[in-house]
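Below are the chains, spelled out letter by letter.
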Amino acid sequence: MEQEQSGLDKVLSLRSSAEIVNVDEPMVKLVVFELDGEYFAFPGEAIAEIMPATDVYFVPGCPPSLEGVINVRGDIESVIRLAELLGKPAADPASTSSILRGQGGGMHSGIRVDRVVDVLDVVQSAIQVPPATLPEHLRRIVSGLMRYQDTPVVILDLDRLFEDYQRGLG
Amino acid sequence: MSRTATKMSSTSVPATLDVVSLIADGHRFAVEAAQVRAQLSAGQSGTALIAEQLLGLLPCEETQNKASRRILLIKHPEGDYAVAVSKPVELQRLETGAVYPLPALIVARNTLTGLRGLAMGPEGLTMLVDFSVAKAQMKHVIP
Numbered sequence: 003m004e005q006e007q008s009g010l011d012k013v014l015s016l017r018s019s020a021e022i023v024n025v026d027e028p029m030v031k032l033v034v035f036e037l038d039g040e041y042f043a044f045p046g047e048a049i050a051e052i053m054p055a056t057d058v059y060f061v062p063g064c065p066p067s068l069e070g071v072i073n074v075r076g077d078i079e080s081v082i083r084l085a086e087l088l089g090k091p092a093a094d095p096a097s098t099s100s101i102l103r104g105q106g107g108g109m110h111s112g113i114r115v116d117r118v119v120d121v122l123d124v125v126q127s128a129i130q131v132p133p134a135t136l137p138e139h140l141r142r143i144v145s146g147l148m149r150y151q152d153t154p155v156v157i158l159d160l161d162r163l164f165e166d167y168q169r170g171l172g
Numbered sequence: 535m536s537r538t539a540t541k542m543s544s545t546s547v548p549a550t551l552d553v554v555s556l557i558a559d560g561h562r563f564a565v566e567a568a569q570v571r572a573q574l575s576a577g578q579s580g581t582a583l584i585a586e587q588l589l590g591l592l593p594c595e596e597t598q599n600k601a602s603r604r605i606l607l608i609k610h611p612e613g614d615y616a617v618a619v620s621k622p623v624e625l626q627r628l629e630t631g632a633v634y635p636l637p638a639l640i641v642a643r644n645t646l647t648g649l650r651g652l653a654m655g656p657e658g659l660t661m662l663v664d665f666s667v668a669k670a671q672m673k674h675v676i677p
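Listed in order, the protein sequences are those of chains A and B.
Using this note's numbering, read the first sequence as starting at 3 and increasing by one per residue.
Using this note's numbering, read the second sequence as starting at 535 and increasing by one per residue.
If you're looking for bench data, these hints aren't it; they were derived computationally from the structure.
These numbers were taken from a predicted model, which means no experiment stands behind them.
Glycine included, each C-beta is placed from N, C-alpha and C at the ideal position.
Among chain B residues calculated to face chain A with C-beta under 7 Å, some are: (1) Tyr634; (2) Ala642; (3) Arg643.
Bound conformation, chain A alone (with noise of 0.2 Å):
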């Protein structure tokens, strides 16, 4: 005579049986990188090179937001200070801060962060839409809000942002 399967015993035999079925969810390389305390990230296609440190040279008659050039192997690259862009304090001369070569709405320039934390690959579920809350110029170029190691990280859509400040942005 045949034992009934218990409840269980059903529950555990379909689970065994079950096809694993591999999804792959689509990824994101993100660059993650601080300013003031916070986290942000661009887009991993966005960022062509994370900068040793190299010298900045002043051109007069630009915003302050605007540091200067750079010598990039032989070409020429404007660098802009991300934190007066988002109303933070500029970084501390003295610090150790990066330059991320970044490219976006068809044009590239270099982006001054106070450092660089990580570069990582994150499932696409891991992005959330950004509130309606966000203050309204942050609200065009923040494209999604993750967290990363428990600190929640903004990420910014480039292509905007330096659409944003072409027309005057900081």
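Position chain B relative to chain A; hints supplied.
Only chain B this time, still in chain A's reference frame:
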């Protein structure tokens, strides 16, 4: 064959660019030497435009000192005009490879009038300017 060679040379980029470098508001600027007819001492010209104001810079006290000034006579189809610049004023030959167009964000946000390009050399960064473009946009004429 020679015709082809002539045509190519007429469109080729020169290997060097002669410029007259000057100091304005403590920064190094340069104007293409082909635009400069002569360099005069401060007393040799009448009315002269002040380089800092022509370029949209706020002059510092040092550059207001007339004794440290030279006058550049700039060629113009409607008549030459004089620009007072700070010393040292030097003729320089720039390698074409050291001359760069302005980055897009500098074009969009820089407020200097007449800024055309940048040059990078051993002495640092030089702002390449066109005084005629600056003059066309100038708001103040200095007696």
